[in-house]
Amino acid sequence: MKKIPNGVLTAVKKVRGGVAVEHHKNTADLEVVRIPTPAKVTIPMAMHIGAPCEPTVKVGDEVAVGQVIGDSDKFVSAPIHASVSGKVTAVGDIKMPNGTMCKAVTIESDGEMRLWEGIKPPVVETREDLVKAVRESGLVGLGGAGFPTHVKLNFPQDKGIDTLVINAAECEPYITVDYRECLDNSWDILSAVYMLKDLLGFKKVVIAAEDNKPEAFKVLQRIADHEVDVNDEVKLMVLESKYPQGAEKMMVQSATGRQVPPGKLPADVGCVVMNVASVAFISRYIKTGKPLVSRSLTVDGSAIKEPKNVRVPIGTNIGEIIDFCGGFKEEPCKLITGGPMMGLSIIGTDFPILKQNNAILAFAEKDAVIKKETDCIRCGKCAEACPLSLTPTNIVRATKAKDTAALNRIGVMVCMECGSCAFNCPAGKPLVQHMRMAKALLREEAAKK
Amino acid sequence: MINGKMLHVSASPHARSRQTTQNIMLDVVIALIPALIASAIIFGLRALLVTAVSVATCVVAEFVMRKILKRNNTIQDLSAVVTGMLLAFNVPSNIPLWMVMTGDIFAIVIIKQCFGGIGQNFINPAIGGRIFMLLSYSTPMTSWPTPKQGFMTFDAVTSATPLASGEFPSITDMLLGLRGGSLGETCIIALVIGFIYLLVRKVIRPIIPLTYIGTVAVVMFIAGLVKGEAVTFTVNQLLSGGLFLGAIFMATDYTTSPITTKGKYIFAIGCGLFTCLIRLFGSLPEGVSYSIALMNVLVPLIERFTTPKPFGTPKETKEEKKAKKEAAKA
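Protein chains in written order, with this note's numbering: chain E, 30 to 478; chain W, 0 to 329.
One or more of the hints may lead you astray.
Partial pick of chain W residues on the chain E-facing surface, computed with a CB cut under 8 Å [what the hints assert, rightly or not]: (1) 6; (2) 13; (3) 19; (4) 20; (5) 76; (6) 254; (7) 302; (8) 307; (9) 311; (10) 312.
Simulated from the structure, these hints should not be mistaken for laboratory data. Just so you know, even glycine gets a beta-carbon here, dropped at the ideal spot from N, CA and C.
Chain W on its own, in the form it takes in the complex (with noise of 0.2 Å):
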């Protein structure tokens, strides 16, 4: 006490750095904003207002269900802001706005808030609605608008991705969105900016998105030996679906991956097999959501099992492992 006035005590440390959730989020945001910025160029305004859309249903829904669960408002971390961006990146810009507001409200009420909120769902929130929204609305959700230059072009044309087609446009044309596609994944360039930005700005570490990408290559590449053409046929598997999204920005939430070292590697594997197996045997064009959810509910095993020893831990004799394997057993 000093002049009467109380000090604060608190457990050390008493020195913090200055990244907070909410300043991480808006992060995220801005590492969004360029693969956004290209939608709305590639597919037209409409692309805007999806986003524009789902954000506020995110933020409105996660209000309300603080609400109503008589929690603190969470709104303010920009949490669901992230959700609402990320779902609109993974839905055809000319779906129905109708649908991707129950898509959002799904991923905010019942993936994210009823398990209890920010750090405790169990998969991705935004794979969630997605998953929700494949299931529920096969078809409006896998007709994609062809994207068609100019700012201001509404095109109600559909076609396949070429994921399903097997007709891939160029190079130089995937690398800049120009094919169909959901409307924020399309834009390798601008995913990479993002990703360049949030490996700058320490939000992630590159582990997960590289091993992810990493290994989609290589099995694709295995696989293009024996369908022929492999260099080819492993660049348009790189550079089409919502791989770069996916792995850039999905399979690194925070919440849904791995904390240790080693199984970031083993979540980033088990994501790049999953989604090869789904691509090239599965009936589905794309396998993105589905293995990021599926490595998801891994996670708590993965874990468990990685979780590195504390330090000076002596290494375990052959002895002691058999001992310890022989405990286990009796």
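The shape of chain E in the complex, shown without the other chains (with noise of 0.2 Å):
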């Protein structure tokens, strides 16, 4: 057992289950590096949960770095910046890593990188001022998921939300960038926690960061000892390193102890989770009004050459970044965006990088690990696994039999595709498919109701 230093947190309520993933965090100690302008950028309309923007430029227009190019009168939503200076040669549908069908527009670059006039920083006095400028400012949640900011931020006063948790754990392995930031760009973090914290009026703060992170440790620790934390409200919070430590529920009940009930955001239980990444740009974009048109990721895997930390415009062909890192060393076999237990596999280099994409990996034949599929031997290890207490291998049963009352009994609708259980699984079943196919089967069968 590793000691705690005096003042930091451990975790109220412990995680079940999850898996000892390796960490594989070869790009730890390099720093985030801007790839050259790339010639043209493709900015997908839809990069955030919620109601996809309209383009609100056509072909021809001359656009510049941070003006408004997609946007949508929805709330659920966030607007969307242009990424390089240049000139929009194309609006139009393109086929989505995801496989979905999505507008987009597509800027030639002109080289300059030239910042729009219109941007100047927000003036942010109260709460409705830092909503409003979190929606301006496109933010979607960094970590991986995509949520708009200003969303989670804009809670309602009478609801009893009192704590922040600041995510720092990146249980992906892998992903580094936001290691880095909290390296990098302490102050950013520093400024934006205390900020958050006034603004919106937490009682408590509460910065959590796996313990195999110890440079970052010594970070956040001064920033939850800084001396403008006069009441001592905001804590650090060291978890034990295992996957997933990191995911919104997970982090919500170390912190606090509190449960998200099924079908229900961490606001239901008072609590607002952000990722360290987000929260430093929320500092950034409150001193400059450069919202968000690029973003640092983690290019490594076996296939590739040389993994480096990167700073891309959103919209950035996968393709050029990969080739920035030295291109592929070896045969690539799969490739993934975001990290590799919830990652997304994709088909090839040529899609736009997203804002909420953390990584590029592309692995070679020997890593792409593909487990021969055998019969399920009910040795109940995802079960295990599971951080939810689901036991999928009854879900798997259920689903085959079309049995939706076992399969609400299980609550097969609470599961966050973490994949620890397929993790686990010797007989090699892609569980988590599976549990979205049972997913599928409770909403057709609500549709019909």
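Given two chains presented individually in distinct reference frames, assemble the corresponding complex, making use of the accompanying hints.
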């Protein structure tokens, strides 16, 4: 057992199950480098959970960095900004990495990266100002889910929301951009933490990190111990490194002991969870007014020649980013956006980087782990691993039998598709896929009624 | 597509543990080796012969049956090897080989493959096979050779198991396995070594074996208080018969034990209670196989009632519980 320094919290209630994945944090020591301005970016209009945006520019328009090119009048949505300066050459449907079609704006860069003249720091004095500013910044959760941040922050004041949890756990293997954010932009995190706390009236802020990141830990502890924290309301929490510590529900449980009920959000138990990179971004936006037009991501995996942490304009072609990292050293067999546990495997490199992508991973055949599927032996290792107390093998059986009563009883709808069950499965079952099928079956059933 | 080659696309996660069905079964085989060696020393080389014949029969039966059923070949998952070893461990070392072979065929063909193969059987195949043999060949199955130290001994003298005769050897002899009994069940030390190996390799969790043995200990101690000499009685009950073999290797069979933690406790306590009932009140000298088989068939029911509530489910208030009950009645 490692010694926990004074004043540092540990989990109030420990996460059940989980799996020990190998960390592979190979890029932890590599500072984030900017890639050369791409000649062309393709920016999709749906890079967040909620209503997609409509393009506000047309072919032939001149745009500059930070100019709005897509917006929506729906609340659960986030505006989209040009990430390079240049000329709009196409507005139309493209195929997204997940196979759906989506409107996108293609901009040919003039190479100047000229800032839009409309950019100015927002005036933020009240919580309403803050929510408005965050919406205008186009910020979505940078940890992977892509939920519009202003929606999270716009909670009613009488709802009893008292805790802000800042997620620096980064429990997915390979990815190190949040870690770099802690080391390289600690000042941004510091100022945002105290600003969010004051403006939104949180009684407690918990910054959570896993115990395999001692360097980030020191930095975060300085933030938590800063003298502006007069009442000692900002605390650092150390978590045992295991997957999926960083999942939102798990974070809430570790920080407060509260459990988010099925179908509810962390706000329903008085918590807001934010990724550490999103927090740092808010601080930069308020200082500069420059919206979310680029992001950091880890490029790694056994097929990548020079793994790197890179900062890229949103909409940059994935192939171009891989080329910047020296290209492939081995023939890639699997290409993933996001982490290996929850990321999306894609069919090629010709896709744009989205706001919520935090990694590109390419694996050679030997590491693409295509486990042979055999019969279920009911070992129960899926149920052991499930942090949400589900019994995946029984869900698979019930789905096959179309037994919706059993599926509801087991509670498959709470599944967050973390993949712990499938990771553990000795029979190599694609259990996450089965969980999705079970959920689809229940949705179908509900639609019939 | 990169350079004209298709990429592999699949649902997440893209990382998997190294554990496979095959290496789990291999671990079980390894865990059984100490007991196998002990049986060869205690009962002579015939113990090895019986085990080898049993394993071979199971593997061949599985291979042929899969062929007949036009299903993919599954002998490489080694589960048939485990069944063969376990069934051999449950018979006396001097049993005629053809009897073991019929037991193996019953276990693999009827119990396992007729119900759909690995993961589908409703009772443990080795236990099914053993029960079949107990019913079919009662006398040979219950005439145990007495152990004779020395490696190359073939001993034709048979005796009853201490459980039946009521004459127990010393505790040391029982721990070492120097008593009459089925060939793999007697050496407690070897079985415990296998147990520890399985725990270290994370193949099984300790809940079922410990609860099972614990339940027997508690009940037998209470019975011992009535009979007198409670401690000796309890120790003798624990170390004789097939309790350790059953609790460690048979009751923990994945397919036929509950996957829920609560279910595992209920299952193991049930096994323990039935074992005690049969031993104390039944006309049979031994009850481990029957009690595990009985609990095996209850597993779906146990799981049905021990499925954990999903994460975050609010605790039901008394009124809600009442309303639910009434709704169920209506």
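How the hints compare with the structure:
1. 6: Interface hint status for residue 6 (chain W): holds (5 Å vs cutoff 8 Å).
2. 13: Where the cut-off is 8 Å and the nearest Cβ of chain E is about 4 Å from residue 13 (chain W), the hint holds.
3. 19: holds (5 Å)
4. 20: holds (5 Å)
5. 76: holds (6 Å)
6. 254: holds (5 Å)
7. 302: holds (7 Å)
8. 307: holds (4 Å)
9. 311: holds (4 Å)
10. 312: Given a least distance of 6 Å, the restraint on residue 312 (chain W) holds.
No hint from the list above goes unmet by this structure.
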